[in-house]
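Based on the hints, put chain B in the right spot on chain A.
Here is how the chains run, residue by residue.
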Amino acid sequence: NAGVTQTPKFRVLKTGQSMTLLCAQDMNHEYMYWYRQDPGMGLRLIHYSVGEGTTAKGEVPDGYNVSRLKKQNFLLGLESAAPSQTSVYFCASSQPPRLAGGNNEQFFGPGTRLTVL
Amino acid sequence: SQQGEEDPQALSIQEGENATMNCSYKTSINNLQWYRQNSGRGLVHLILIRSNEREKHSGRLRVTLDTSKKSSSLLITASRAADTASYFCATDAGSGGYQKVTFGIGTKLQVIP
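First to last, the protein sequences are chains A and B.
Reading the first sequence from the start, the letters are residues 1 to 117 in my numbering.
Reading the second sequence from the start, the letters are residues 1001 to 1113 in my numbering.
Errors might be hidden in some of the hints.
Said to hold, decoys possible - No more than 27 Å apart at the CA atoms, straight line, and that leaves these computed lysine-lysine pairs for DSS-like:
no. : chain 1 : residue 1 : chain 2 : residue 2
1   : A       : 57        : A       : 70
2   : A       : 9         : A       : 71
3   : A       : 71        : A       : 14
4   : B       : 1108      : B       : 1069
5   : A       : 9         : A       : 57
6   : B       : 1108      : A       : 70
7   : A       : 70        : A       : 9
8   : B       : 1026      : B       : 1108
9   : B       : 1070      : B       : 1056
10  : A       : 57        : B       : 1056
11  : B       : 1069      : B       : 1100
12  : A       : 57        : B       : 1100
13  : A       : 71        : B       : 1100
14  : B       : 1108      : B       : 1070
15  : A       : 9         : B       : 1108
Stated by the list, open to error - Some, not all, of what chain B presents toward chain A, calculated at C-beta under 8 Å:
no. : residue
16  : 1045
17  : 1049
18  : 1098
Claimed, not checked - Covered stretches of chain A (chain B as the covering partner; in silico rule of three or more C-beta atoms under 8 Å from a C-beta of chain B):
no. : stretch
19  : 31-41
20  : 95-104
Calculated from the structure, these hints are not laboratory results.
Ideal Cβ positions, reconstructed from N, Cα and C, are used throughout, including at glycine.
Next comes chain A alone, as it looks inside the complex (with noise of 0.2 Å):
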């Protein structure tokens, strides 16, 4: 099993570019969340999904939006890019606690690293 794994490693935009970040779960997974990683600021959920087709808002999901059109796959876009959205983007997957014992332990991808100029 590959796990949780994400798309691109590595991005490079302008100011105003758009793009998508992938994130592809082979674990069945019903959960599913994107995270961005800033010095000092720790973890920070953008948006999360409880199941194909769901998605809702976390703590910072303004300038992103999101789309679980196949359970696998959670698709993270960036209409308009801005330098304050320069981060490392982490993806992570679970089963919710009623379907794993209580344990809601979250698996996380390897990041996407971007730079916005």
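Relative to the frame of chain A, chain B by itself:
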């Protein structure tokens, strides 16, 4: 705002020594988890302790939870250079289907060979 706050933010020890990291949180929780992140990698789950548990062990890891003080500690015994990483606590709260998980800012551990 962050639910969990780790202390210290950075820790440097010699190989073979024990490393202790602390996590404090603000509201009632269901579970508390600890994760490790090696440089340039994603987070990896280490251990979960439930709110009704006080101590849990996994190999060289020992986690304690004090719900009255809203704090947890992670002890790594007999540290190795390979333990060099950042360590994060994560708390989850809420009931029903989705339980919000909040990560702290992490403790950066350096183990010197």
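So, going through the hints one by one against the coordinates:
This hinted pair checks out: residue 57(A) and residue 70(A) have alpha carbons roughly 18 Å apart, not beyond 27 Å. Proximity of residue 9(A) to residue 71(A) is assessed by CA-CA distance (about 22 Å); at most 27 Å being required, the pair is judged to hold. Taking the CA atoms of residue 71(A) and residue 14(A), the gap is about 31 Å. The hint is violated against a cut of 27 Å. Distance check on the hinted pair: residue 1108(B) and residue 1069(B) sit about 23 Å apart at the alpha-carbon level, within 27 Å; holds.
Between residue 9(A) and residue 57(A) the alpha-carbon distance is near 24 Å, which keeps this suggested pair within the 27 Å criterion. Restraint check for residue 1108(B) and residue 70(A): not satisfied, since their Cα atoms lie roughly 36 Å apart, outside the 27 Å limit. Pair hint residue 70(A) plus residue 9(A) holds up; C-alpha atoms about 21 Å apart against a cutoff of 27 Å. Proposed proximity of residue 1026(B) and residue 1108(B) is supported: the alpha carbons are some 22 Å apart, at most 27 Å.
For a cut-off of 27 Å, the pair hint linking residue 1070(B) to residue 1056(B) stands: about 16 Å separates their Cα positions. For the proposed pair residue 57(A) and residue 1056(B), the alpha carbon gap of about 33 Å is over 27 Å, so the pair is violated. Between the alpha carbons of residue 1069(B) and residue 1100(B) the distance comes to roughly 21 Å, so the proposed pair stays at or under 27 Å and holds. Taken as a hint, the residue 57(A) and residue 1100(B) pair is honoured in the structure, with Cα atoms around 12 Å apart against an allowance of 27 Å.
With a C-alpha separation of about 20 Å, the suggested pairing of residue 71(A) with residue 1100(B) holds against the 27 Å cut-off. Between the alpha carbons of residue 1108(B) and residue 1070(B) the distance comes to roughly 21 Å, so the proposed pair stays at or under 27 Å and holds. With a C-alpha separation of about 23 Å, the suggested pair residue 9(A) and residue 1108(B) falls inside the 27 Å cut-off, and the hint holds. Interface hint at residue 1045(B): satisfied, since its Cβ lies 4 Å from the closest Cβ of chain A, which is below the 8 Å cut-off.
A least Cβ separation of about 11 Å between residue 1049(B) and chain A goes past the 8 Å threshold, and the interface hint is therefore violated. The interface hint given for residue 1098(B) holds, since its Cβ lies 5 Å from the closest Cβ of chain A, which is under the 8 Å cut-off. Beta-carbon proximity to chain B at under 8 Å applies to 4 residues in the stretch 31-41 of chain A; the threshold of 3 is reached and the given coverage holds. Counting residues of the stretch 95-104 of chain A whose CB lies closer than 8 Å to any CB of chain B gives 6, which reaches the minimum of 3, so the coverage claim holds.
Of the numbered hints stated above, those contradicted by the structure are hints 3, 6, 10 and 17, listed in ascending order.
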